[in-house]
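Visitor: Model the full assembly from the supplied sequences, consistent with the hints where possible.
4 protein chains.
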Amino acid sequence: MLIVMKSMATQDQIDVVISQIEQNGFTAHVSKGDIHTVIGAVGGKTIDAREIELLDGVEKIVKITSSYKLASRTFHPENTVIKLKNCEIGGKEISMIAGPCSIESEEQMDATAAALAQYGIKILRGGAFKPRTSPYSFQGLGEEGLKIARRVADKYNMCLTSEVMEISQIPLMLDYVDIMQVGARNMQNFNLLRELGHINKPILLKRGLCSTIEEWLMSAEYIMSGGNMDVILCERGIRTFETATRNTLDISAIPVIKKLSHLPIIADPSHASGLRDKVAPLSRACIAAGADGLIIEVHNNPEKALCDGAQSLFPNQYGELSAQLKTIATAVGRIF
Amino acid sequence: MLIVMKSMATQDQIDVVISQIEQNGFTAHVSKGDIHTVIGAVGGKTIDAREIELLDGVEKIVKITSSYKLASRTFHPENTVIKLKNCEIGGKEISMIAGPCSIESEEQMDATAAALAQYGIKILRGGAFKPRTSPYSFQGLGEEGLKIARRVADKYNMCLTSEVMEISQIPLMLDYVDIMQVGARNMQNFNLLRELGHINKPILLKRGLCSTIEEWLMSAEYIMSGGNMDVILCERGIRTFETATRNTLDISAIPVIKKLSHLPIIADPSHASGLRDKVAPLSRACIAAGADGLIIEVHNNPEKALCDGAQSLFPNQYGELSAQLKTIATAVGRIF
Amino acid sequence: MLIVMKSMATQDQIDVVISQIEQNGFTAHVSKGDIHTVIGAVGGKTIDAREIELLDGVEKIVKITSSYKLASRTFHPENTVIKLKNCEIGGKEISMIAGPCSIESEEQMDATAAALAQYGIKILRGGAFKPRTSPYSFQGLGEEGLKIARRVADKYNMCLTSEVMEISQIPLMLDYVDIMQVGARNMQNFNLLRELGHINKPILLKRGLCSTIEEWLMSAEYIMSGGNMDVILCERGIRTFETATRNTLDISAIPVIKKLSHLPIIADPSHASGLRDKVAPLSRACIAAGADGLIIEVHNNPEKALCDGAQSLFPNQYGELSAQLKTIATAVGRIF
Amino acid sequence: MLIVMKSMATQDQIDVVISQIEQNGFTAHVSKGDIHTVIGAVGGKTIDAREIELLDGVEKIVKITSSYKLASRTFHPENTVIKLKNCEIGGKEISMIAGPCSIESEEQMDATAAALAQYGIKILRGGAFKPRTSPYSFQGLGEEGLKIARRVADKYNMCLTSEVMEISQIPLMLDYVDIMQVGARNMQNFNLLRELGHINKPILLKRGLCSTIEEWLMSAEYIMSGGNMDVILCERGIRTFETATRNTLDISAIPVIKKLSHLPIIADPSHASGLRDKVAPLSRACIAAGADGLIIEVHNNPEKALCDGAQSLFPNQYGELSAQLKTIATAVGRIF
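Chains as they are written, first to last, in the numbering used here: chain A, -4 to 331; chain B, -4 to 331; chain C, -4 to 331; chain D, -4 to 331.
One or more hints might be untrue.
Same chains, same label: a pair holds when it works inside one copy or across any pair of copies.
[What the hints assert, rightly or not] Cut-off 30 Å, straight-line C-alpha distance, at most; resulting in silico cross-link-like pairs (DSBU-like, lysine-lysine): (1) Lys80 - Lys150; (2) Lys64 - Lys299; (3) Lys254 - Lys58; (4) Lys87 - Lys1; (5) Lys27 - Lys1; (6) Lys55 - Lys254; (7) Lys254 - Lys321; (8) Lys253 - Lys80; (9) Lys253 - Lys321; (10) Lys55 - Lys27; (11) Lys1 - Lys58; (12) Lys55 - Lys1.
In short, the hints are calculated from the structure, not lab data.
Guide: Below you can see the structure in the form of structure tokens.
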């Protein structure tokens, strides 16, 4: 932490700051510039920087160290590659996750997975518990849905991912899924994150709608600090003033994360845009920008979907997109 | 729902739209303008409007009815006034809630409450479970903290409010608090909201950091649809591009809510600004804008606080603010 | 400027940074912490910090000095008080500016000003050149409008303010107005700002819709660096994700500016909210938060206004608001 | 325009609304739903919708027609292709514009253009007048710079684009450039746009930092309404809460614009990200998303650039990127 004093700060004010940081176990390094005195605080315990910021004569406080360590590339320079039974995430091969928003029935899941299998999909998605903004909307099939999805995933030799919404669902989910999904609204549900740090399955952590990249990595840190190092980050759009799209997919976050962290990063163009005809262009853009994979909604019959049909691709649309992505992957040195 | 067709939409396209909405149980009212045909869809069941939006020839969809009913002033024109044992919220009198961020010890709570009692505070605040962004920060005293806070509140004849972070904490919290607080990060934790709809204590519902006013009212609806009508809305700042303050307190939300809903609305200037010296100006502004009350962090010794001391007022600062608010209350026809 | 090196930065990388900043005329002060080496760069000429940020081994760059000097309270601790012929802005008395959005006719201006004179208004507003988003909307009366407004202002012994939209209008405007207004869209029209730095009338500088407080002060600096120190800042709402109001009035900016700068700050609740019924609550909030004044749209017949009638108060509504503000002013130690 | 009445609106209130819209020349079409009466207003002149919104009993107003016509794909279904002397923009071939931020000298321009010519660049960029946030930064070479850039462009058989900052510069610019650039800060400088509508050279219109897509198209409409139909839209990043990148490049805007408008759209990844190492991933993403081209900063010696060197590519970096884009172009059916 660096404390920048005001240009007119008195020696007394400087001394108070030094004394305060020393009381918190820091060593103070003072350097006097032309205009400002800067005090470096080294080696102490955690302190609320704002407490120093409020002292007389202080201009501002500068944090030096990032709050996350385990998620940082600084301390782990090589990419994390997460191994599943039939594929890897974060390696050279692009990882495609596809399936419907909600698990609705055996027929729906089977028809969708059969179509996806043709296009080489190795990870199936489908929600069993749905966080709906209206209390009157379809809330998901629960365990019954998980059973269906598991049977279908096994039939087509796919892994399965589904969203966990609260701590009490974890034991149940563990019986069925290969990857636990944490939704955008739960990105800072710290109690849930802490529990997920103690399981031994990968966590797909979506970015919160108004979360900064630093907060997102901090949430990954919560999980990792419990011992579970297999975190997959998923960009799914942030909220901005623009209303022409549901959210603004922050594609810049992909190269930023690649620089800051060793964790794999994928993107969810379906939820970001909310409309089927935007999914293909955004999918292509994410792979071109360096994403390790995508999670896309595909439904065997989107017009009859109980949830988010409007943003689900038809299977043949996925097929066309898949061919485009194959070409783009070669441009960025990846395998599709 | 109104469906606006493109200026060049064909009769066939119009017919497909009509057929689709009729299949969903709606009656179609078609009116042809100079440029656009508009189709009104009346009386059907819930439908994902985007499904219609994707049909050929459709320009856009317009939702007519708001998604919330119980929270809406349309169906409940008079203000909701929530009765507590020693005061009311939403009536003519301004409701002030004060106390430390976290419950730290009996001494701290007692000293703070003693000071606040002098200024007429009737509702004490204090966190027992703390949602901290870092896994290494102080996480709260838990039930021990609730016991302390309850004893102190009783001693000074105050009501008590504290934050509930997950469903499993509800039974415990019910034994100690008079008002359950839902934090900004849980505003869309729908499972939690649903459970809170079944208890018989008021809920203080903070606005999410990037939630629209409509979503906020929809979250109130979640609680109310379970039968609990005593919801207090709390504006606590939204996230914007401005970095000079921690969040941007959306004071305009106060008159907007007053128009749309009958629920009481208070504000939290401490969390919004994050710095003590901004709390007084923002508190005055909220009361001047018509808020029903404030929730403010006050600590007997902010510089030693384990959490958010930098945004906590000293008791005497609260006293000065209190005197200013008394004057402002008269300007807006309220009692302080 | 401080350069924070990565934890794993090599001595070679540190040396390259030192060499680079010394080539730009800075002196380097190196201090080694537990994890990071920090290099202070003192006394050099302007440099694009990103150039250093891109060097190998650099974690981040921290700017120490703010980019504005003349606008900063650091170098000018006392409030700036701007003297007009009949009043002051930034002193103990609250400054109220009122009038219609556009100057439409002598009758309209006279009727409006006559009503405002009763409530003690000393500064009249009215636009002669209107920046309209549609090329087909009313574009203002131009010089004819300025003549009308000047005659009316003189009749009621008021000062006049009106918006200047481009450099070529400056000489004309100088003949008629007492305060030049710079609109939100021109806040970073640097050519215009530079010219306004050479005139000897006060400038009312509105904040851009997506401008940070620092950029706003930097724009004030542009004007002041030309010699014109009489800048009045005007908060008028920023753009956020919230759509229930036209813009989000950033009332927190008022105490923030009061801390950072010595310049007077007023607010424009009419443009921020865009709706008449939000103007009074927001006006009260701004004065309660410490604003030095307000600029409010009032029209003798808002329903017939050619521009922004929906956000204009009726004269008697202004009268009621005025009485409330008088009370609030006393709460914050101001004269109304 | 549709007027949705409140569920409890009285017949009297409905009558007042009808009367008001008829006074403005509209015909009223009334349709009564289960809950709401909806009044369609057809065929009248321009009216400020808020004036109706403020009438008693009105729930909300819905605009039916978009404010832009000439820029809309509704009235011009085929893509606009802009013809320059040596290439087209908006056709099947991707258009690449490259060059330094500022024109600094003949040597710099020549060395940069020579390198770019090898990679097939047909349009050179370079600023002669620079809008700098600090009054002390390099402000550009002015006409001298334009002369240099023109000579160099001619030598390498390239077109030239440069930014026009105000009306008074138009005649001068016309002598030198092939495409006039309007910067983000001038996107709503309506006086400037109006003048540019009368010239016969294409306009490259950058999106404002906080402008919606609708406002952007409205600004294009301003130019087109004067007769100049050759507008090239340029996405360059919007301002959000994220601070890890300078701006958030809104790549979703590319498919959105392609649906709403027939105008060509390109992107500027250099200004959006502000850092060289983000330019390649974002460039690839934009082409993958369907952009018609890119404008990229390339400098023969970025480390010595007088302006924005940190975001400028080295010529060989441009070459590598170029090869990647060639592959991606094939994936989206374009020629590179």
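Visitor: If a hint holds in the structure, say so; if it does not, say that too.
Guide: Tested hints:
1. Lys80 - Lys150: Answer is within: at 14 Å inside a copy they meet the 30 Å cutoff, but 60 Å across does not.
2. Lys64 - Lys299: Close across copies (27 Å), not inside one copy (46 Å); limit 30 Å.
3. Lys254 - Lys58: both (19 Å within a copy, 22 Å between copies)
4. Lys87 - Lys1: Result: close only across copies, 27 Å inter versus 51 Å intra.
5. Lys27 - Lys1: For Lys27 and Lys1, the Cα distance is within 30 Å both inside one copy (11 Å) and across copies (23 Å).
6. Lys55 - Lys254: both (27 Å within a copy, 13 Å between copies)
7. Lys254 - Lys321: Result: close both inside a copy and across copies, 24 Å intra and 25 Å inter.
8. Lys253 - Lys80: Result: close within a single copy only, 25 Å intra versus 41 Å inter.
9. Lys253 - Lys321: So Lys253 and Lys321 pass the 30 Å test inside a copy (21 Å) and across (24 Å) alike.
10. Lys55 - Lys27: both (15 Å within a copy, 21 Å between copies)
11. Lys1 - Lys58: Cα proximity of Lys1 and Lys58: in one copy and across copies (17 Å, 14 Å).
12. Lys55 - Lys1: both (8 Å within a copy, 22 Å between copies)
No hint from the list above goes unmet by this structure.
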